[in-house]
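Undergrad: Position chain B relative to chain A; hints supplied.
Respectively, the protein sequence lines represent chains A and B. Going by my numbering, the first residue of the first sequence is number 1, and it counts up by one from there. Going by my numbering, the first residue of the second sequence is number 1001, and it counts up by one from there.
If you're looking for bench data, these hints aren't it; they were derived computationally from the structure. These numbers come from a predicted model, not from an experiment. One or more hints might be untrue.
Calculated lysine to any residue pairs in the SDA-like style (CA-CA distance at most 25 angstroms, straight line) [claimed, not checked]:
hint	chain 1	residue 1	chain 2	residue 2
1	B	K1124	B	S1148
2	A	K104	B	V1229
3	B	K1044	A	L274
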Amino acid sequence: MIGESTRQLMAINALLALSIYLTLACGQLSLANAAFMGIGAYLGAVLTLNAGWPFWAAILAAIIVPMGVAIIVGLPTLRLRGVFLAIATLGLGEVLRVVIVNLKSTGGAEGISSIPVKTQDWQLALALAAALYLTWRLRGSRMGYAFEAIREDETVARTMGINTTRYKLIAFVLSAALAGLAGVLKAHLFRTIAPGDYGFVQAVDILTFAVVGGSASFLGPVLGAFLLTALPELLRSNLLRGVVNLQVGWQTLLLNGIILLLVILFLPNGLISLFTRPWRRPTPLASEQTPIEAT
Amino acid sequence: MSRGVGPLPGGFQLPFWLATALAMLVAGLLGILLDRIAFAPLRKRPDTHFSGMISSIAVALIFEALATALFLPQRSQFPSGTVPTRPLVIGTGSLPFSRVLVIVVALVLVVLLTVLLRFTKLGKAIRAVAENPKAARLLGINVEAIYSFSFFLSSALGGAAGIFYGLAVSRLDPTMGRTVELKGLAVIILGGMGSVPGAVLGGYLLGLTEVLSVALTNTSNYRDAIAFVLLFLILVLRPSGLLGARRVREA
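Okay, chain A solo, but in the shape it has when bound (with noise of 0.2 angstroms):
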């Protein structure tokens, strides 16, 4: 019923979307996976396609590179907070595709094509696997409960002596590993890359997968991520043949605009919130709250 570049596709949206649930778990609107995962899947493109390193080597610098830039744009930024960062974390996005249409070893604006097919179906469930191994091992940890705090109220978090900026870096740079495991992933996958595919574009689709599934637990964006993945060959599926007909890409953008917007208007926990007892349903991030006004 799910074609095999689908269920390789499902996989490695899940894998951005545990990136982007990274820092949603800390309180912070990053949209910066995109870019990220533009970074690895350039880097490991031109790793194996023009310097002839082997696929494992290429996708450690997928991980490793997008981590430092990280670093590098996340020690300013991330005194942002809410919308800010996220407009912030978007031009990252801007930036990195004019600098990739500018750079000669990129392709341009026509990007890169005839990217060697070396993806295989056991590397993206082990990469899958680990990603979520890890979200789930952070639930409870030391770490995790770090990331609820800042969540939660940075302030308090602050004042109870966590160290927030370091905890906030740590959940960026985790979520750029992640977001450019999945870049080189796909682009070994679908063979094309181009500059204009980390943009403005991906980057809501990311926070869309987020957003529906629901990020108060690490398996609401996944669930968020298969279902959005799915969905469009769900529905030209013989079940509803002849009722939709989802060929046009201005269809599957409405779809999205509309599941996102009733997600948003009547179930503002995601989907995986049908499934969660109400009473363990945690509260909104504190960070999007409305602070308490200074009087």
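TA: Structure of chain B alone, referenced to chain A:
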């Protein structure tokens, strides 16, 4: 999130000023509809900033999809002769008439908006709501109506921007809002939230930086990047924007 709902070639053949007024009206009414459907229900939530951003992204996706469905993805432009094609000669230089029109219209709208916000009772009410909705409600201001009106105004201005942007670059397509949207946010941050002069200053500063970057590097390759590097620097150095109040950014 709002973009121009400008007239299409081969459409109704209305005179340009009437089409502009109609488009602004329609965009404004869409804005009210949008507020009622996608924003008003979120206002009582504790995470209203976050959910508001998500719902505006959702609405932008829906609008873009509908615009693509209605007008097809291909590009169109205003029919030639919509505005005089003869360039305006000033001294030794000359400017296309459409650009001059854009500058004049922008200035007029800025003055009108400033007058509205600063000197009318309605403007006072808007500023009161922005300052503190609860207190405004206690003072007898119809807060919801003010929100709706703000959305009308904002969307109508967005519609106007869409028309004149399309006119100045002589190109219209359903995705034209994307880069402008990001840059609009950048401008607001550059100038400072909630400040009309700040927004204007931010707009000119961004425009100047882009032009200067082209002049200095002799290519337009890095134009968009430099705009965002500037935004980045402003965010880091002076998070409240050039003319914004310090308090705003703490939210």
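Undergrad: All hints are to be evaluated individually against the structure, with a verdict given for each.
TA: Taking the hints in turn, this is what the structure says about them:
1. K1124/B - S1148/B: 15 angstroms, holds
2. K104/A - V1229/B: 21 angstroms, holds
3. K1044/B - L274/A: Distance of about 22 angstroms is within 25 angstroms: holds.
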